[in-house]
Amino acid sequence: MATTHSRSAARLMISPAVLLLLAWMIIPLAMTLYFSTLRYNLLMPGMEEFIGFDNYRYFLTDPAFYAAFQNTLLLVVGVLLITVIGGVLLALLLDQEFWGQGIVRILAIAPFFVMPTVSALVWKNMFMNPVNGLFAHIAKGLGLQPYDFLAHAPLFSIVLMVSWTWLPFATLILLTALQSLDREQIEAAEMDGAGAFSRFFYIVVPHLSRAATVVVLIETIFLLSVFAEILVTTNGGPGYASTNITYLVYAQSLLQFDVGGGAAGGIVAVVLANIVAIFLMRMIGKNLDA
Amino acid sequence: MARSTTPRRKAMFTVFAWAVGLLLFFPILWTVLTSFKTEAEAIASPPSFLGFHWTFENYVTVQERSNYGRHFWNSVVISVGSTVLGVLIAVPAAWAMAFVPGKRTRDVLMWMLSTKMLPPVGVLIPIYLIFRDLGLLDTKFGLVIVLMLINLPIIVWMLYTYFKEIPGEILEACRMDGAGLREEIIHVLTPMAVPGIASTLLLNVILAWNEAFWTLNLTAAKAAPLTAFIASYSSPEGLFYAKLSAASTMAIAPIMILGWFSQKQLVRGLTFGAVK
Numbered sequence: 011m012a013t014t015h016s017r018s019a020a021r022l023m024i025s026p027a028v029l030l031l032l033a034w035m036i037i038p039l040a041m042t043l044y045f046s047t048l049r050y051n052l053l054m055p056g057m058e059e060f061i062g063f064d065n066y067r068y069f070l071t072d073p074a075f076y077a078a079f080q081n082t083l084l085l086v087v088g089v090l091l092i093t094v095i096g097g098v099l100l101a102l103l104l105d106q107e108f109w110g111q112g113i114v115r116i117l118a119i120a121p122f123f124v125m126p127t128v129s130a131l132v133w134k135n136m137f138m139n140p141v142n143g144l145f146a147h148i149a150k151g152l153g154l155q156p157y158d159f160l161a162h163a164p165l166f167s168i169v170l171m172v173s174w175t176w177l178p179f180a181t182l183i184l185l186t187a188l189q190s191l192d193r194e195q196i197e198a199a200e201m202d203g204a205g206a207f208s209r210f211f212y213i214v215v216p217h218l219s220r221a222a223t224v225v226v227l228i229e230t231i232f233l234l235s236v237f238a239e240i241l242v243t244t245n246g247g248p249g250y251a252s253t254n255i256t257y258l259v260y261a262q263s264l265l266q267f268d269v270g271g272g273a274a275g276g277i278v279a280v281v282l283a284n285i286v287a288i289f290l291m292r293m294i295g296k297n298l299d300a
Numbered sequence: 006m007a008r009s010t011t012p013r014r015k016a017m018f019t020v021f022a023w024a025v026g027l028l029l030f031f032p033i034l035w036t037v038l039t040s041f042k043t044e045a046e047a048i049a050s051p052p053s054f055l056g057f058h059w060t061f062e063n064y065v066t067v068q069e070r071s072n073y074g075r076h077f078w079n080s081v082v083i084s085v086g087s088t089v090l091g092v093l094i095a096v097p098a099a100w101a102m103a104f105v106p107g108k109r110t111r112d113v114l115m116w117m118l119s120t121k122m123l124p125p126v127g128v129l130i131p132i133y134l135i136f137r138d139l140g141l142l143d144t145k146f147g148l149v150i151v152l153m154l155i156n157l158p159i160i161v162w163m164l165y166t167y168f169k170e171i172p173g174e175i176l177e178a179c180r181m182d183g184a185g186l187r188e189e190i191i192h193v194l195t196p197m198a199v200p201g202i203a204s205t206l207l208l209n210v211i212l213a214w215n216e217a218f219w220t221l222n223l224t225a226a227k228a229a230p231l232t233a234f235i236a237s238y239s240s241p242e243g244l245f246y247a248k249l250s251a252a253s254t255m256a257i258a259p260i261m262i263l264g265w266f267s268q269k270q271l272v273r274g275l276t277f278g279a280v281k
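Residue numbers (the numbering used here), protein chains in the order written: chain A, 11 to 300; chain B, 6 to 281.
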């Protein structure tokens with residue numbers, strides 16, 4: 011149907027978006043790659059020199075990297091477990107018939123719209139603070155010793171905060187998928203004598219698996235880059251206890267001004283994210299054909 | 006799952022669902038309530054839930070002491086500006102890909118998606134240095150550009166999935182009737198595309214409003230939007246719970262209201278059309 015004329019018009023219409031994204035991706039990434047081979051500190055301008063792979067060697071053998079790598083994994087996996095399992099349960103619950111469905115849905119989705127800095131500060135001060143936080147009040151009310159969440163379990167506390175943001179997201183997507191489930195299929199299975207459990211595991215779970223995969227992959231992309239929550243609560247500490255790779259690279263480049271080392275870390279982060287991205291692209295690519 | 010719900014079953018699920026919904030919403034509710042307390046009541050033990058002396062004082066103080074209005078305006082300019090600019094660039098691209106698909110349209114779309122996967126720290130240093138050298142650090146203009154680029158793939162994808170749903174036959178009929186590309190766009194496509202464009206705008210304003218990597222790293226006092234403004238409460242001032250709550254409430258209220266309208270679009274937009 012398309013004529014040569016409309017084809018070239020189409021190309022013209024696509025090119026601004028493509029060129030902008032290309033520039034956004036290629037130029038800074040090339041610069042990061044280049045910086046990663048230099049000894050380059052912002053406090054010593056003009057002293058840059060080529061040092062090959064040394065920055066990578068330092069970054070990858072730094073104990074801080076292992077701590078950050080481990081924390082990144084724990085953060086991503088922890089939040090994923092909480093949000094996907096919680097999301098499935100919550101979606102199943104919200105899919106039931108009950109009074110005030112619309113309002114409950116609105117209440118449940120609300121945390122997703124809270125900006126990360128607000129969510130982190132509210133949790134840190136008003137809930138987890140060992141003196142004035144609500145959890146401390148509750149603990150005292152029960153005659154228990156208040157627990158200093160961010161000092162003793164910083165990573166776990168951040169997992170909780172981030173999960174609070176992403177649980178509504180997972181729930182919303184799984185609920186949407188659940189509502190597209192063919193009721194007749196379930197009724198047919200019921201008539202054939204399938205019990206609640208086999209209906210759940212043989213019909214609902216396979217139907218949700220695709221949406222759940224999408225949730226996992228998209229959350230992973232965002233969770234690899236959790237930053238604001240760490241910045242305003244623990245600053246990555248105590249020590250490196252709640253530093254993830256994103257925060258480590260930030261600290262190295264903008265707090266210690268070590269551009270070379272930070273750039274090497276940035277490239278490592280890109281490589282790790284790409285491993286995840288490949289799976290996500292496959293998933294969504296498949297959908298494009300359908 | 007079973008559609009034949011008995012009243013008792015329905016009552017049970019009502020209690021259960023409301024309990025879970027209120028639990029998830031509680032931190033927000035608590036923040037809003039605390040924002041109307043005095044500082045002393047905000048840290049009183051045991052805390053009072055509703056029986057305190059309601060006051061608007063904190064809202065006034067937050068505005069007076071830290072010029073809340075300016076940060077709010079920064080947020081509006083940055084989120085709306087970046088989204089509108091992004092949509093202006095994305096509409097032609099998405100239109101072309103949806104209606105004049107070529108052999109490589111699919112690859113282009115997938116590639117655009119892949120740029121979204123680039124972790125921001127991978128390009129933090131160059132962007133920071135480029136911004137420093139061009140004098141763009143701590144400017145609204147700089148952030149509008151960065152957030153536009155961050156969200157451009159989502160904008161293109163969302164528009165693409167919406168445009169895809171416009172039946173191609175209508176366009177063919179137009180062409181048969183001798184309508185040119187211009188007429189086709191103005192009289193046929195635009196009216197059908199408006200809902201999709203509106204949803205795209207809505208979701209991306211929300212995403213830009215809450216973006217907290219670039220806004221924290223590229224702004225200081227002048228261009229700081231609400232994300233960065235609230236972050237300034239992280240130390241000593243964070244101890245003033247009532248004021249922190251008032252600032253937080255004002256920061257999240259507008260976007261929460263928009264958000265509730267955009268639930269459906271959220272699913273489609275953030276899953277790149279994979280779940281509808």
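The set of hints was computed from the structure by calculation and includes no laboratory data. Just so it is clear, CB atoms sit at the ideal spot from N, CA and C, and this is done for glycine as well. It cannot be assumed that every hint is accurate.
Computed beta-carbon distance windows for the label pairs [claimed, not checked]:
#, chain 1, residue 1, chain 2, residue 2, range
1, A, Ala163, B, Ala49, 24 to 30 Å
2, A, Thr223, B, Ala49, 43 to 49 Å
3, B, Arg14, A, Ala163, 36 to 42 Å
4, B, Arg109, A, Leu99, 39 to 45 Å
5, A, Pro248, B, Asp112, 43 to 49 Å
6, B, Ala45, A, Gln111, 19 to 25 Å
7, A, Leu29, B, Ala49, 45 to 51 Å
8, A, Leu265, B, Arg180, 56 to 62 Å
Cβ-Cβ distance between A:Leu265 and B:Arg180: within 56 to 62 Å?
Check passed, 59 Å falls within 56 to 62 Å.
Just tell me: holds or violated, for the beta carbon distance of A:Ala163 and B:Ala49 against 24 to 30 Å?
26 Å, holds
Given a hint of 19 to 25 Å, does the C-beta separation of B:Ala45 and A:Gln111 actually sit inside it?
40 Å, violated
Between A:Leu29 and B:Ala49, is the Cβ distance one that fits in 45 to 51 Å?
58 Å, violated
At the C-beta level, are B:Arg14 and A:Ala163 separated by a distance inside 36 to 42 Å?
39 Å, holds
Please test the hint of 43 to 49 Å on the beta carbon pair from A:Pro248 and B:Asp112.
47 Å, holds
Confirm or reject the claim that B:Arg109 and A:Leu99 have a C-beta distance inside 39 to 45 Å.
Holds: the Cβ-Cβ distance is about 43 Å, inside 39 to 45 Å.
43 to 49 Å was suggested as the range; check whether the CB atoms of A:Thr223 and B:Ala49 agree with it.
47 Å, holds
In summary, the numbered hints that this structure violates are 6 and 7.
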